[in-house]
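Spelled out from the first residue to the last, the chains are:
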Amino acid sequence: MATQTTQASLDQAATVPALAPLSERDRARQTELQRSWRRFRRYRPGLVGLTFILGLFLVAIFAGPIAPHAPNAVQTRLRGDAPTREYPLGNDSVGRDVLSRIIYGTRVALMVGLGATAIAVTIGVVVGATAGYFGGRVDAVLSRVVDALMAFPTLALLITLAAVLGPSLVTVVIAIGTTVWASYARVVRADVLSLRERDYITAARATGAGHARIVVRHMLPNVLGPIIVLASLAVGNIIILESALSFLGLGVQPPAASWGGMLADGRAYIRTYPHIAIAPGIVISLTVLAFNLLGDGLRDAIDPRQRI
Amino acid sequence: MLRYAVVRLLQGIVVIFLVSIATFVIMQLAPGNPVDIMIGEAQVTQEQIDAITRKWGLDRPWYEQYGTWLLNVVQGDFGQSVIRTGVPVREMLLEAAPMTVRLNLLALAVAAMVAVPAGILASVKRNSLFDYASMLGATLGVALPNYWVGLMLIILFSLQLGWLPPFGSESWRGYILPVMVLAVGEMAVLARLTRGAMMEVLGQDYITTARAKGLRYGVVIRRHAVRNALLPVVTILGYRLAFVLSGTIVVETVFAWPGIGRLFIDSVYRLDYQVVQAIVLLLSTIVVLGNLLTDLAYAYVDPRIRYD
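Protein chains in written order, with our numbering: chain A, 1 to 308; chain B, 309 to 616.
Please keep in mind that the hints were generated in silico from the structure rather than gathered at the bench.
There's no promise every hint is true.
Said to hold, decoys possible - Derived coverage of chain B by chain A (criterion: at least 3 residues anywhere in the stretch with Cβ under 8 angstroms from a Cβ of chain A; other residues may be distant): (1) 329-336; (2) 442-456; (3) 459-470; (4) 520-527; (5) 569-580.
Glycine included, C-beta positions come from ideal geometry on N, C-alpha and C.
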């Protein structure tokens, strides 16, 4: 990696003057966001991931016009039909169009992926910042809670919650969101803990800033980078969790289309109609891959120190 | 060191205690009561219902039920299955556990045998075709939902080629597919870790020194680099227990494997409280103990690490 970095900076050194020499003032005018974007653009796979994800959003929003058939239209005479020109990915065990159901399933995947991530990040930041900032007993108690949560195999906890609360889209989002926040809390806690002793925090306190102001205005902006990176990497993981829950029948309930639920159908009819199980899995894998690549790219762009 | 071990052990006990409370409370939130589930469609009198309620202690407040349960668990008595009336939960666990342990140890061994050499080779031949190919494989491997990999392997090896049974654990051939599925996920993580750890070690001064004093490159890699790089890799395996156990739940369900994972899913579907509680507590305890042992082993093996 060391050689790569040097190579990259050499490339940059070679190309920047050729384009247009930046004056000090121009450089200052570049916001941190612009600089991050420039770094992000250099990592091709990250761009590919981002493009794929933007495409998914378009598919989710315009699922109606894009889908060739209604996702829940049952056509008994087409049960388990192999792909044809009209039904490019074939039909499922009750004769619904697999392609259209995949297109509508995008909505569930993105809603759960983003919704649960938002909940997890919020809880993680609040708990982590509180534990790191106040330290002492508060930290000891919150840290044990975080430890306890991390001790559960995530899926076991999710399955139990989903079964107990009754499976539905909302349950899945809330269950995943309230289960996976512990790792964010750990990161935020460690960062806030190290920021607490900085001079500029003492300075802020000397000017009379209260706890809330110090945490929100002076500390959180400094931990935002790692959080964004972690969050983008988490979305992929959460989409896999959601699909596993739906696969086990404990996620989004039929007839609503979800990728994991389609795979459950594929498993049930694997001997007679094996084609049903193929496409939804490929789509899940590509989506997860895209979010992971986006996360890798963001890590390079936002937090170059964390590069492995 | 001893002080550190004692503190960590006490923390671990607190965490397991918190986990047990959380598990118990979640199960209390379940709709319907176990008496109804036990009776099913049968016609019973109020006296019979009362008798069942008293027998299982379901008429007492939840904290008393929890207290009784915890006391019994500490003595190794996990209660009796509510659904499979009269069968001790401990017996069910003892029957299923070896199947899960055997499956996961085999998978881990396979993963290590492939991933560790691959990671070492990738780091030594940095930026080579092999490096890119194996890291591409690792990136893909993390993105694939394991249960879907299972379905694809069943379609290919059982249904198309007819080489292996799609499920069952009677003969050694039944082990191959589930072991492969579990190994794929771990392989991806292990290969990345090994490569990362090797890269870090290869950048150290003592590697340059060893080369400078005339040692052959192969010897330097084997004696100086690999030995130091594998320590963090081995210890991180301990921290991955929670993920491994999550993975085994779905994979056992796909392959109808008679282990802890499938017992868990079956019990969740039937709301068999005692079994679900026992399994969640068992899995979490294993994770806590695994992490604890990993921490202690790390501190013992690597004298550079000191804890206060």
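These are the hints, each one checked on the structure:
1. 329-336: Coverage by chain A holds for the stretch 329-336 of chain B (4 residues, Cβ < 8 angstroms).
2. 442-456: Satisfied; 8 residues make the cut.
3. 459-470: holds (count 5)
4. 520-527: Since 0 is below three, the answer is violated.
5. 569-580: Contact hint for the stretch 569-580 of chain B vs chain A: holds, 5 residues under 8 angstroms.
Hint compliance for this structure: hint 4 alone is broken.
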